[in-house]
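Asker: Take a look at the letters that make up each chain.
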Amino acid sequence: MSRVAETFARLQAEGAKALIPFITAGDPQPGLTVELMQGLVEGGADIIELGVPFSDPMADGPVIQRASERALAHKVGLRQVLDMVAEFRRTNTTTPVVLMGYLNPLCAMGYEAFARRAREAGVDGVLTVDCPPEEAAELSQALMDQDLDPVFLIAPTTPAERIREIGHHARGYVYYVSLKGVTGAGNLDIDDVARKIAALREEIRVPIGVGFGIRDAETARALSVTADAIVVGSRLVQEIEAATSETAKERLTRLVASLKAAIN
Amino acid sequence: MGQYDLPDARGHFGPYGGVYVAETLMAALDELKAEYARAKADPAFWQEYHYELKHFVGRPSPIYHAKRWSEKLGGAQIYLKREDLNHTGAHKVNNTIGQALLARRMGKKRVIAETGAGQHGVASATVAARYGMECVVYMGAEDVKRQAPNVFRMKLLGATVVPVESGSKTLKDALNEAMRDWVTNVDSTFYILGTAAGPHPYPMLVRDFQRIIGLEAIEQMQEMAGRQPDMVVACVGGGSNAIGIFHPYVDVDGVRLVGVEAGGDGVETGRHAAPLSAGKPGVLHGFRSYLMQDEDGQIIETHSVSAGLDYPGVGPEHSLLKDIGRAEYVAINDDEALKAFEDCCRLEGIIPALESSHALAQAAKIAPTMSKDQIILVNLSGRGDKDINTVAGLMGITL
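Listed in order, the protein sequences are those of chains A and B. For the first sequence, position 178 (counting from the first letter as 1) is numbered 178 according to the UniProt record's numbering, and the numbering increases by one without interruption. For the second sequence, position 133 (counting from the first letter as 1) is numbered 133 according to the UniProt record's numbering, and the numbering increases by one without interruption.
Please note that the accuracy of each hint is not assured.
As the list claims (entries may be wrong) - Label pairs and their calculated CB-CB ranges: (1) A/168 / B/46: 37 to 43 Å; (2) A/246 / B/34: 54 to 60 Å; (3) B/226 / A/168: 58 to 64 Å; (4) A/217 / B/149: 50 to 56 Å; (5) B/160 / A/254: 37 to 43 Å; (6) B/269 / A/112: 29 to 35 Å; (7) B/326 / A/186: 47 to 53 Å; (8) B/149 / A/35: 49 to 55 Å; (9) A/138 / B/349: 51 to 57 Å; (10) B/110 / A/10: 43 to 49 Å; (11) A/159 / B/365: 49 to 55 Å; (12) A/186 / B/145: 29 to 35 Å; (13) A/73 / B/152: 32 to 38 Å; (14) A/218 / B/44: 49 to 55 Å.
It is worth saying that the hints were derived from the structure and are not from the lab. It should be emphasised that the depicted structure is a prediction, and the values quoted were computed from it without experimental measurement. Cβ coordinates follow ideal geometry from the N, Cα and C atoms, glycine included.
Chain B on its own, in the form it takes in the complex:
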């Protein structure tokens, strides 16, 4: 499609994005924007970022041809981008490394983060330990219960985990509380935002640090299959893993981009977390985008088996990609995601995160309708060790 160079100087992706925060944070966001502009132009910054990704994270993450599963489905070949093999077990660390390097450049000794499934919290705690920074992670009280192993991992890494008891006690409330901390400690603190959302420059920043996924994939697909996939599939909560793999493909012709939202009990039931499928544009957490809201503009509680997708908004760039038709967005229900989770374990020997299982389920749904010489690349954004309690619970098993 060409000429895709967004956001604009004020952080707009078409009608989405922007900076909708209280006045107290405006100066800090301007400072971050200015520092990132300097870092972006500094080869030494990217050199260190890539060094860390190679030696600390273990990149590049491989691409794996899921042959048995593909054969069973009888259609398109499914390839997996193995972000689950990263240090800390998900794509989140690509971004936390980048932001921690920025924090260090800015002389900030304290970092804060919000987390849903706990993956971003763990990735933040990890880089804070790595660079010797104090780390406070805000996590919805409901998620603290659902994701006990990750809570303990964060504590082992020296972070303070603060359970958030307000609102629906999930990711959105953790984000509110992180913003409140930031507004109070704005001089000393760097906010490591975990998804490609929030006020400008965060959606751009997070995307730029996650683009490595798609950039590697373009090279690796060429090597492995001699061509690019027909379709790239990724799950979308806030949308950081999806924008990371989509963005380098936006200008590649002939590659369909499919984002998979959490359908929960089913979009038709209203109990889901699929703003692109069933929401409308509004403003929350500092940016304009599709949101799950009622007719009064109050944010609706979300429902998903996966804590990491349990968010009522979505990164602004996804809203634009939807509107201009460059990416398609669909919803996968809890039960479909769980089926894909099990299939991936049994057929491929990989325990995927429940978030990523939504993308796997969409691939499994669509593959049989495609021919055997077509390729679907799925971003396997994280591993599922953190989810074994949830899945066991659903099976009626106590660990």
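Isolated chain A (complex conformation):
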């Protein structure tokens, strides 16, 4: 069983929901990323989504765009991100790490080389924002050959037949995009999301996470009633932005703990 599946199985046995915090690797500086990941775990993270910086983050709002730009200013690319995961694995062998980013850095490394190196580094899953199932066959195969989970998005606009198709390809969990918009947007409708997630259960066998625009403990709590996992990204990146290198870990840990407390 994969680390992601084990995590969800354990939480389900406990009657608990997963908290999946997102941070961008290399933000605000590469030396801090492993420490921040450890801080997320201390706060109660069940899975970590680690953003791979990209020069053109089309699906991201201004907060994560800035995080990407800060990381790129320190020349953090996919290779450095994999090194960070390997370093994190020296002290943590239980918390799944899912890389989240865009396809081109993976193309540049080559899918098979990437999957092998990701596996060696201790990565558990990969979510490629701009690679829908139609174009994902080759990448998904390379990932699954290395026992990595290809994680897919489902959007409010995804029609029923596509949901079935995505359910067929998804491993680990699916990520339900809670709103029409970019990451960190402010137009989330809790009741609508709850209805959609209930409907997804018909077609989706893997756990369902929900994210995009979850900014506070109250929203996280409300959505955790129906979802299996809550993803919080922009709000955490804002916390990093507002902190200094000395205070970032502590502030992140505290915020994650408050979110974790809210969903359980």
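Take the given structure of chain A and dock chain B to it, following the hints.
Answerer: Quick look at chain B alone, frame taken from chain A:
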């Protein structure tokens, strides 16, 4: 070469093209694909498109024999396809008319567009005014500075121009921001993409609306010269004017197709915008194609005197035409383009766009190596009024 019928049903031109977007946009692209399939089969749609091109744009655009310049160069005869004479001053309007008619069919009241030089922004603002739609144009903050006259034109036409401050503040960042708007307002909004790039069906759609250039040229060359040109030359940024003139010629034997990328300071300096000349395949803005990128797969900043060519990718069909050898792609540097700009002004009485000046420079370079009875057809894709501030600046003159 025959049997050239691309893209396939999923938008692939060989290994290029495709649909690489976030899930939220997939349904909208499917809807657009389905509506275009219906429109394509509807004679009334094309009737209106051609009516608009004739009465609103002023088509057909003429072909002009640049005799003085040809004589001076002493080789092949240079003919110009005068897209600069279109309403709004460039080829861009052929596409915006087509897409606006689609938007209307789909009941969308709000259109958005990205723009580099501002030509596509102006063409979008123009059709939005013409059809009574709200229009928002995203433009890199750097380009807003370089292309002030076009910014003001868009505003006069009632559009909102949003300067984009992220990334390199040029065309690619404007495209990112337009995509972000679309993903947020996907129910109400039609994205008028300006070049033959982006996720399927855009490369096909834009090509089909720009093919009019090549279709007219085939008829006009026959009338004027009694035969087809030996070579067709067009500048390539995203590549919409080039694919528009190339596509009808792909199956015509004996016609060399030459695309001209922006060499900036010189391809060897790394400061350029020539992905087909010096890039490698990757995925950006929803499609797979040649891209300017570093070894980590990050997109590299581009450099060109012409804002409209300042783009790190290129339409997927050009990548295929390069790989199969049906078209050749070369790069022209800033200084060569500026020289052609001046020559065209002085010798022919035509102020060409800096983008089109790259194609003119390639023609001027190659014409002397050809015989006097050979013909080069250059797509003069736009007029240069928008560029006079840039050129004056380079000459050290403040207007």
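Asker: All hints are to be evaluated individually against the structure, with a verdict given for each.
Answerer: Outcome of the hint check:
Against the hinted window of 37 to 43 Å, the Cβ-Cβ separation of residue 168 of chain A and residue 46 of chain B comes to about 39 Å, which satisfies the hint. Restraint check, residue 246 of chain A to residue 34 of chain B: a C-beta distance of roughly 55 Å satisfies the suggested window 54 to 60 Å. At about 59 Å, the beta-carbon gap between residue 226 of chain B and residue 168 of chain A stays in the expected band of 58 to 64 Å. Checked against the hint of 50 to 56 Å, the C-beta distance between residue 217 of chain A and residue 149 of chain B comes to roughly 51 Å, which is consistent with it.
A beta carbon spacing of about 41 Å between residue 160 of chain B and residue 254 of chain A agrees with the range 37 to 43 Å that was offered as a hint. For the hinted restraint 29 to 35 Å between residue 269 of chain B and residue 112 of chain A, the CB-CB distance of approximately 34 Å keeps it satisfied. Roughly 49 Å separates the CB atoms of residue 326 of chain B and residue 186 of chain A, a value that falls within the hinted 47 to 53 Å. At about 52 Å, the CB distance of residue 149 of chain B to residue 35 of chain A agrees with the hint of 49 to 55 Å.
For the pair residue 138 of chain A and residue 349 of chain B, the supplied restraint of 51 to 57 Å holds, since their beta-carbon distance comes to about 54 Å. The beta-carbon spacing between residue 110 of chain B and residue 10 of chain A, approximately 47 Å, falls within the hinted interval of 43 to 49 Å. At about 52 Å, the CB distance of residue 159 of chain A to residue 365 of chain B agrees with the hint of 49 to 55 Å. For residue 186 of chain A and residue 145 of chain B, the hinted distance range of 29 to 35 Å is satisfied, since their beta carbons lie about 31 Å from each other.
Range check, residue 73 of chain A to residue 152 of chain B: Cβ separation about 34 Å, and the 32 to 38 Å hint holds. Taken as a hint, the range 49 to 55 Å holds for the pair residue 218 of chain A and residue 44 of chain B, whose Cβ atoms sit roughly 53 Å apart.
In summary, the structure agrees with every hint in the numbered list given earlier.
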